[in-house]
Every structure is written in structure tokens, then in C-alpha cells.
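**Q** With the sequences and hints as input, model every part of the structure.
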Amino acid sequence: MVAALTRIFGVQNLALAEDVVQDAFCRALTVWKVRGVPDNPSAWLMATAKNRALDAIRRERTARTFAPELGRLLESEWTTAPVVEEAFAAPTIRDEQLRMMFSCCHPRLPEPAQVALILNILCGFGAKEIAGAFLTSRAAIEKRIARGKKVLAGAKRLFDLRDTEFTARLSAVRRALYLLFSEGYHGASAESAVRVELCQEAMRLTALLREHPPAATPETNALAALLCLHAARLPARLDAGGDLSPLGDQDRSRWDAGLIAEGLALLERSAAGPRLTAYHIEAAIAATHAAAASVETTDWRQVVSLYDRLMAIAPSPVVALNRAIAIAQRDGPDRGMEELRAIKDRDRLKGYPFHPAAMGELELRRGNPRAARKHFAAALALARNPTERRFLQKRVRACGSLSG
Amino acid sequence: MSDFVYLFRASEGGRRQALGTPEQAQRSLSAWLAWIRELEAKGHLKDPGQPLEPAGRLVRGPKKVVTDGPYVEAKELVLGFIVVEARDLAQAVDLAKGCPMLEGDGSVEVRPVEAAMLGQLGR
Chain Z
0 MVAALTRIFG
10 VQNLALAEDV
20 VQDAFCRALT
30 VWKVRGVPDN
40 PSAWLMATAK
50 NRALDAIRRE
60 RTARTFAPEL
70 GRLLESEWTT
80 APVVEEAFAA
90 PTIRDEQLRM
100 MFSCCHPRLP
110 EPAQVALILN
120 ILCGFGAKEI
130 AGAFLTSRAA
140 IEKRIARGKK
150 VLAGAKRLFD
160 LRDTEFTARL
170 SAVRRALYLL
180 FSEGYHGASA
190 ESAVRVELCQ
200 EAMRLTALLR
210 EHPPAATPET
220 NALAALLCLH
230 AARLPARLDA
240 GGDLSPLGDQ
250 DRSRWDAGLI
260 AEGLALLERS
270 AAGPRLTAYH
280 IEAAIAATHA
290 AAASVETTDW
300 RQVVSLYDRL
310 MAIAPSPVVA
320 LNRAIAIAQR
330 DGPDRGMEEL
340 RAIKDRDRLK
350 GYPFHPAAMG
360 ELELRRGNPR
370 AARKHFAAAL
380 ALARNPTERR
390 FLQKRVRACG
400 SLSG
Chain A
0 MSDFVYLFRA
10 SEGGRRQALG
20 TPEQAQRSLS
30 AWLAWIRELE
40 AKGHLKDPGQ
50 PLEPAGRLVR
60 GPKKVVTDGP
70 YVEAKELVLG
80 FIVVEARDLA
90 QAVDLAKGCP
100 MLEGDGSVEV
110 RPVEAAMLGQ
120 LGR
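Order-wise, the sequence lines are chains Z and A.
To convert, note that position 322 of the first sequence is 321 in numbering that gives the first Met the number 0; the numbers rise steadily by one, no gaps.
To convert, note that position 69 of the second sequence is 68 in numbering that gives the first Met the number 0; the numbers rise steadily by one, no gaps.
Keep in mind the hints are simulated off the structure, nothing from the lab.
Do not take every clue at face value.
Ranges of calculated distance between the beta carbons of each label pair, as one might list FRET restraints [said to hold, decoys possible]:
#1 A:A30 to Z:Q21: 47 to 57 Å
#2 A:G42 to Z:A256: 55 to 65 Å
#3 A:G42 to Z:G257: 52 to 62 Å
#4 A:P21 to Z:D54: 13 to 23 Å
#5 A:A54 to Z:P90: 28 to 38 Å
Note that the structure is predicted; figures quoted are calculated from it, not measured.
Glycine included, C-beta positions come from ideal geometry on N, C-alpha and C.
**A** Written as C-alpha cells, this is what we have:
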């Protein structure tokens, strides 16, 4: 909705667009509290937002200039309502979301700021949720968003999808969608560890990208494949008690076969290009897991070699962590432990509970419950939400019973 | 270039026809929007004007008699106006032919703005 409204108000009036949406939501909550939720809440919200937009245009039209593309159309009642109506029509909303995505990826903004902006404007995430995804502080993210909005406003209009910069921006857009999905999948925010709706948002925006032919490149297909293959595991990520279930313990019959098939088909289509990207490799890793009936029958040699290639083109401490876990599966916990200790930039994992948790897991397997317990306790102290906390408490208890 | 006021008229029935159901209104409004956009793109839209409510009050004569109106009994209502910039009356008439209201029973009255009026008075 913010994208639709920005089409009307212009990027320089992004704050007005956000106010109108906020206003519509507040109004919805007030009215619904009294009269109950209507049959079609999203249509209701849309209609309310349109009316609020009309109010805002009439109130502000002498004081502000709106989107330059609309010229003088908002000066007259002949055309004001039709313009608002048009901005909220499904094809326009789709186009405007795409343009907004590309606008957020302005080259003057560092990549993390681009991502934060997309998450904030197009997905409605607060600074705190975004901070969780980036493992940074909320204040830093707020600053990033504010700076980003200033750059957006300075650009005067939304990105033109026929611009020569399209390809460069497309790559930043993909990265943003990838991080958005990860936020949902590994959710660091307080409410829940697995926030399916964040993953759905990422998949929705990726589908939007694929509907626009110039954006539907092999790399985009690889990203889409990756998201499908991971999303397929979502139904099994929480066990019956609502607790986090690691890959090894998941009931694989609950994996979504439809999404796996879709992901594999997309992965095949992604092979059409000349470049092997991180998305291709990560999708291939997910496909390897999807093809295995259990942890024991997983092709860990394949997984490790894929992680090796990933480290070569996109090294990061989190990738190194996952690679170490795969090596432990292939060669045993001693080798895994060596790899964990050898991770460069381990500092950047300082706030990440799954680093000490992995060490705990390997110590357990090596028969050192006392050491494992220490690692799990350290992980527990870093837990970011109740689900992670419950999971790690269980791991700590598992060590306790072993040491007697 | 000169300015021309377009006055749009239609019967009450024609107006209902165009705006009666949400679907009809949607179609009429987007046709209107497309036409106005075209005028603007070609640099002819001097003032996007305003639509007018069908009913108001009529004030008439030195006694300032106020009646309901303006045209309750009239066959055609003035629906609104815009101001167009054109080379001459012929071009202004040509541009008016694109008005989507003409597809119903509407009409466009094309009237040049009389810039010389005050000048003539002064003579």
C-alpha cells in the first residue's frame, strides 16, 4: 500500500504515504473493535486507505507537489479519484512494488541500508525485527532507514524499470529478498522463531520479480528455487509441542512435497545461465537435503563440497559454521570441532546462539557432556526468543542427565 | 496559442448511464483519465478544471431572488469544465472530439476565452 501511495504522492512524500497507511490501520482497528472484523478485511483496509489518500490529497494539494508523473491530475476533482483508484488496481500495485524495490536499491546506499529499506517500506517490518536479521542494534537500523529515505526522496521519482541500471539493481533486490526470507526462517525477533509470514513475503516479492520478464534471470530462478526448498521444510521446523526441531530430528514426511518439486524445477531452469552464484549453490545444498530420507542417508560429501564452493565465492562466518557442521557429519565430531575453532571472523558470531550450540552438539557426540553443557549454557544466554530458549534449555538438560 | 473553455453537458439519464454502477463508473472514469492524460502529454491542458455537482442555487435579478437550481427543469446539466490551450478554434474542436462523454449522450461546448473584452471596452 505504501508503494501504491508513493506512486500518487511521489517519493519525496514517502512519510505522507506511510502516515496514510498507518492511519488506515488505526481506523480499521478502532472500527473492528466495535463492529467486529468485516468479511473481507483487506478490501476494507484498501477502501479506507483510498479514502484517507483522497483526504490527504485535498488537504495537501496546495502546499505540496506530488508525483511528477501525475502532473496536474491531482489538482482537479475530475481526475483525483480515478488516479487513486488506478494506483490501487492490482497491476499497478504490482508495478509500483517492483519500482519501489528497485528504488530502495539506490547505488548511493550501502547494501544493508537498501535491504533495511525494502523490509521497512515494502514489508512493513519495524527497526527491531530488521536489527534482528542483521545482528545489529535497533538504533543503527533506524539510522539506516532514515538515511535511506532521505536518498529515496532525493531521487525525486521511483526507479524506471527500463533504466540501464536495471541489472545492477536487480542483484541488490535479490539479496534483500534472500535476507528477508532468512529473517523469517531463522527469526531473531522476539515473537516466534519461525515466522512463516516473513518467508511468504519474500516468496511473494520473488514471484513478483519473476513475473517481470527482464528480472526473471537464471540467478533469480536460483533464488526462487532456494526459497521454495527451504520453505518446504517450514512445516517441520517446529515439533508437535511448538519447539524448534533441528534438521536431524525433523519429521520429513511433513516437508511440503509440492514446494520441493517446484524448487527442483526452478533449480533446473536456473542452470540456463553462464554464472554459478551463491543462490545456485545454496539451492543445491537444500536440494541435497530434500532428496535424503534422513540425516544418515544424506550425501554429506556432496554437501561439504557445495559448502567449499560457497566459501570460495561468498565466504561468511555463518557459511563457515554450516560447513563445519557438514564436515562433522562426514568425518566425525573431532574434525567438525577443529573447523568450528578455525572459523575466521568468529567475533561476528558473538551474538549468534547457534555457534556455541554447534560446539555443544559436537562435544556431546564426542562424549564430553560437561563441556557440551558449558557451550549450551553460553548459547542459552544468547537465545533471542522463547522458542530458541526452550530448545537450548532442552539441550542443556540433555547434557545434565548424561553426566549424571 | 489561445485558451478555450470546454463545458461538458449531459442529460440526467446520460449521467446515470455513465456512473450508475461501480463498473460503469470505473470504465467512465478511466476513459476520462486517459483523455485528460493525453491532453496533458501534448501540452494542451491549461487547467484541469473541476466537475460540478448537479444541483445548487440560482441567484437572479436586482432583487437577488434565490431559487433551487440551477437547471432542475433543464434537459441538460453542466457537468463541469476544463481549460485547453490550442492553436485556434478548429484545433480546439478537434481535441474536443476525443472526449469520452461524447460516447454517451454528452456534449462539449468549446468556447474561446475572450481576452480582448476589456480592451474593447476601453476603446
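**Q** Quick one: which hint numbers does this structure break? Sort them smallest to largest.
**A** 1
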